[in-house]
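Asker: Listed below, chain by chain, are the residues.
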Amino acid sequence: MSSRDAILNRVSSALNREEGKVQLADRPASVTQRLQSPEIHTQPELPTTQIETLIKNMETVEMSVVRLQSEADVVNAVDWYLEEHGIDGELSVSPSLAHLAWTKKVHSGPATGTEATSVTSCFAAIAETGSIALKSGADTPATLNFLPENHLVVLKESQVVDHLEAVWDSMRAQSSQPRAINLVTGPSRTGDIEQTIELGAHGPRRMHVMLVAGE
Amino acid sequence: MKAQSLQFKRNASDALHDENLKLAMSFAKTGFIGKRAAAVAAVPQWQTIRDEARELKNHVLDNLDHYLLAYEEAVIRNGGTVHWAQDGEEAAKIIVDLCTQANAKTVAKGKSMVGEEASINEALEEAGIEPIETDLGEYIIQLAKEPPSHIIAPAVHKTKEQVSELFHEHHQQYGRQEKITDRAALVHEARVILREKFRHADVGITGANFLVAETGQHVLVTNEGNGDLSSILPRTQIVIAGIEKVVPNLNDASCLLRMLARSATGQHFSNYTSVMGGPKKAEDTDGPDAFHVVLVDNHRTDMLAGDLKEMLRCFRCGACMNHCPVYGAVGGHAYGWVYPGPMGSVLTPVMVGIEKAPDLPHACTLNGRCAEVCPMSIPLPSLLRRHRQTTFEKQLQSAHSRYGLKVWAFFAKRPIVYRTLTGLSVRFLKLIGGRRGYLKRLPLAGGWTKGRNLPVPQHAQTFMALYRKQQS
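Line by line, the protein sequences give chains H and R.
Residue numbers for the first sequence, in the numbering used here: -8 to 206.
Residue numbers for the second sequence, in the numbering used here: -13 to 458.
Hints in this document: simulated from the structure, not taken from any laboratory.
One or more of the hints may lead you astray.
[Said to hold, decoys possible] Restraint-style ranges between C-beta atoms, simulated for each label pair: (1) H:D153 - R:R221: 33 to 41 Å; (2) R:Y453 - H:N7: 37 to 45 Å; (3) R:K267 - H:G104: 18 to 26 Å; (4) H:D153 - R:D288: 51 to 59 Å; (5) H:Q60 - R:G161: 30 to 38 Å.
[As the list claims (entries may be wrong)] Derived DSS-like pairs (lysine-lysine); straight-line CA-CA distance at most 25 Å: (6) R:K392 - H:K47; (7) H:K12 - R:K295; (8) R:K(-5) - R:K399.
Ideal Cβ placement from N, Cα and C applies to all residues, glycine included.
Please work from the sequences and hints to get the whole structure.
Answerer: Put into structure tokens, the structure is as follows:
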């Protein structure tokens, strides 16, 4: 007997199933329902408005947030941020942002591993947790979220949702599913040396969100 | 790793005299407990969410075979492969075979407790493949050649100075001669060295916090981002997980995620919560070419069949050990295997055999703090009591304690005799120790009074007598 069958047999016998090992076709209605129409469990209430909660939660985890009037302001905001923090080095942007009028030389595509900074778009942001939701894909390669020391994110106000479940709902509504959705909640950190938090463990040391008004 | 749990008493005694350990554990004690309490207090609906989580996990356990089949079907739909391992040894063999097929020289590993159960690192090394732990804590203990001492903070027993020594010793081969002691500099040095390792790793192995049957994806939570780098950069991605990790859908995972970080570190959410599955898509420009999941039983089905079923709700947050006075005093290594603290004292006897860990269920004061803070409402003290019963039935305890228990049981079953005798002893204790308020030595229990005094009753009456008086 294969280990697969042995394990499934043991599970079924532990659960006292009269029919023995179950098959896909034996799926009970309660299981089918949970797989096909996920219910929403109790969600923590947002203490204040969606945007205020989002910004407060982001700042709690050392993400800085700046509000912009339009996408056209993004390039200036990036230039300003890099200068303000004295950041040199290569700049990579997600292909979804390649159309902006960049003043610096930018690489568009997955991370090269040598860039100091990435600028990416995102899929959503969650007020409840202060997280940016990024999905993998040719337009938004996931390596840009993890390899550079500085990660700047363009977020549109219309992309902000209250709770985690809204992100999954938008995913379910799409025709094809991405390989990964990364919920990022602040710069990379570790508490592994004497339980004291240090930023920039493996991923970005700085995270900056440019929150663009409107759609 | 081979279980050293038989030596619990000796290990615990050594640990109590380890000054470095005492210092390191003091950082943990103050941090974890306060941060968790604040994070939980900030969510007024905590208890409702906690109740829903218990119901959710009970539903999964009652339908575990159905959800495993659904998850497997969805992984295959995503282009991945599912492997099944009955025990740790088989899991390690599957992983070594997959790495060999991928012509792997080095493997980047994210922290995985079930990976520790399976001793993956030893198996890979034997096959001539270099495993590199990428979680900073795991990396530190890999250099020190030690097992983890905490399930979410594996190097919690190390001081900064010890880490500094380790890095100095092991990083000279990379041209780093200078000994650094600054915490931020230590973190940075590990980042630079591990980044190179990530770049050259052929296979990435991580655990999973949840397996999502709805989508065939898994949820992976880290603060460092090492799990994501291990998943994205190497050509082959392998996920190893216990069969109890499956949840029906992403909304169910969300319910559990709301409790996981708060219970573990007191964060409202971990830095990186990634939902991943399958190899990269045709249009993707990054991600792995191949995706494998190894589902591990390793006695989980025994728990499902028996009276320890509730333990399968555990999602490995570590809150129970953070709040355990025994763990806080002796640290994780004394427990002698992969899982320490209260959850370890329940799991280890099941996974390595109670004959090899008879003392663990007794290393507990039954104060109940673990059950109080457990986000999955696992009645840990009751489960430990069941183990205690087994050690008694199998005669695994010393003749002394068995005899003592029998004597006690004889009287406990005869309430009138019991009350008369306890009434007499209370009066006697008060008489001989009343003025000082405590006894320095106790006949027949010299071991107990060696480290502490026995407080004597404040009144010359038993608790029951006082209780009855107050009731009337």
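Asker: If a hint holds in the structure, say so; if it doesn't, say that too.
Answerer: Now for the hints, and whether the structure bears them out:
1. H:D153 - R:R221: 33 to 41 Å: 39 Å, holds
2. R:Y453 - H:N7: 37 to 45 Å: 43 Å, holds
3. R:K267 - H:G104: 18 to 26 Å: 22 Å, holds
4. H:D153 - R:D288: 51 to 59 Å: The hinted range 51 to 59 Å is violated for H:D153 and R:D288, with Cβ atoms some 42 Å apart.
5. H:Q60 - R:G161: 30 to 38 Å: Violated, at about 49 Å.
6. R:K392 - H:K47: 61 Å, violated
7. H:K12 - R:K295: 19 Å, holds
8. R:K(-5) - R:K399: 31 Å, violated
The earlier numbered hints that this structure contradicts are 4, 5, 6 and 8.
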